[in-house]
Amino acid sequence: MKQRYFCVFVVLFIAVLCQAAASERTYNVLFIQSYTSQTPWHRDLNQGLVKGFKDNGLKVNITTEYLDADFWAFRSEKVIMRRFCERARDRETDLIVTSSDEAFYTLFACGDSLPLQIPVVFFGIKYPDEKLFAAHPNVCGYTVNPDFDIILREAQRLFPKRKEVICVIDNSFLSNKGLEDFQEEWEVFQKDNPDYDMKIYNTQNQTTSHIISAICYPRNSYGRVVIAPKWSPFLSFVGKNSKAPVFATQNVGLTNGVFGAYDCDAYTSAMQAAQRASSVLKGTSPKDVGVTEIPQGFIYDYKQLEFFHVNPDKIGSKGTVVNEPYWEKYKLLFILLYPSILALSYG
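Count the sequence shown with UniProt numbering and you get residues 1 to 347, in order.
It is possible that some hints are incorrect.
The calculated lysine-lysine pairs, modelled on DSS-like cross-linking and capped at a C-alpha distance of 30 Å, are [unchecked claim]:
hint: 1; residue 1: Lys243; residue 2: Lys191
hint: 2; residue 1: Lys161; residue 2: Lys131
hint: 3; residue 1: Lys161; residue 2: Lys177
hint: 4; residue 1: Lys287; residue 2: Lys131
hint: 5; residue 1: Lys243; residue 2: Lys282
hint: 6; residue 1: Lys191; residue 2: Lys126
hint: 7; residue 1: Lys314; residue 2: Lys282
hint: 8; residue 1: Lys243; residue 2: Lys161
hint: 9; residue 1: Lys51; residue 2: Lys161
hint: 10; residue 1: Lys177; residue 2: Lys318
hint: 11; residue 1: Lys287; residue 2: Lys51
hint: 12; residue 1: Lys243; residue 2: Lys199
hint: 13; residue 1: Lys51; residue 2: Lys163
hint: 14; residue 1: Lys163; residue 2: Lys54
hint: 15; residue 1: Lys303; residue 2: Lys243
hint: 16; residue 1: Lys243; residue 2: Lys163
hint: 17; residue 1: Lys199; residue 2: Lys318
hint: 18; residue 1: Lys191; residue 2: Lys78
hint: 19; residue 1: Lys282; residue 2: Lys177
hint: 20; residue 1: Lys287; residue 2: Lys240
hint: 21; residue 1: Lys54; residue 2: Lys177
hint: 22; residue 1: Lys131; residue 2: Lys163
hint: 23; residue 1: Lys131; residue 2: Lys240
Derived CB-CB ranges, DEER-like [unchecked claim]:
hint: 24; residue 1: Ser317; residue 2: His210; range: 36 to 42 Å
hint: 25; residue 1: Ser76; residue 2: Lys282; range: 35 to 41 Å
hint: 26; residue 1: Gly316; residue 2: Lys161; range: 18 to 24 Å
hint: 27; residue 1: Val79; residue 2: Gly316; range: 43 to 49 Å
hint: 28; residue 1: Asp313; residue 2: Gln38; range: 30 to 36 Å
Bear in mind the hints are in silico, worked out from the structure with no lab data behind them.
The model shown is predicted, which means the values in this text are computed figures rather than measured ones.
For glycine and all other residues, C-beta sits at the position ideal for the given N, C-alpha and C.
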């Protein structure tokens, strides 16, 4: 009996020592973002990651690389990713974090052995590859489900008179996956709403003037809403000039032409990924941590709400609003403090 207690004590003691060592050591982390440093929320991703590691008591050196997946062809992405891996290997990187589908899938398609040798924590994946996850026990993270039925019904709630849906896609793999998903949900939605119509525009198969005419001219767009399964730089231009509200499944489009995105908050999702990565660095197996789907919500751009004359109060508990002017954001606080300021001024 004494021997059993002694063995348990030794195991617990070693576990405590491992935790202490993990807290003292400085880890090298590679953070790969799918897009560029010019996207609206890249700073939130970086700051959320830093906060997550800090809250878990880990010292980390984070190197951020930007894949710029909207610009490069897949073959070029793989070359760029191999360079990321070479530099990471030179820094003796301990763990890789990826944001969004492109970074994760290109990492495992590039042919470098680094993602097979060290833990990889992902977040923001819209279209999970369960077979790939199962084949790599060093992988864990978070997925998000782009639910187009929820998006369609929210667009209907906010704009009941707009009964033509314009789906804008391109020829990328993720855009095509999104289109498949959207069409499945559309069939269900249209059965409930037979008075609704839908058109698909491909930015790479049709002239840009054709698409711009469809959604940027008031005479054509007054009865329409736009849904973008995959955000792109072209949609940033179109969205900022669109006279039809644009709904997307990626927060990268917010403040960049999107009326509303059904997605996770960038800062929070990065922080959660860092918390999971911290657990792995402290000794938990990625396989035991596993893959989790994160709950989502609608995120709206205040300026878009203004443009389309939607009262923010109508959003209610359905979502959150970003890009608010400071006056709107802190109006109540100012009103409450104003009498005190006057009293101090004349006191």
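Discussion item. Which constraints among the numbered hints does this structure fail? Numbers only, ascending.
Written reply: 2, 5, 7, 9, 13, 14, 18, 19, 20, 21, 22, 23
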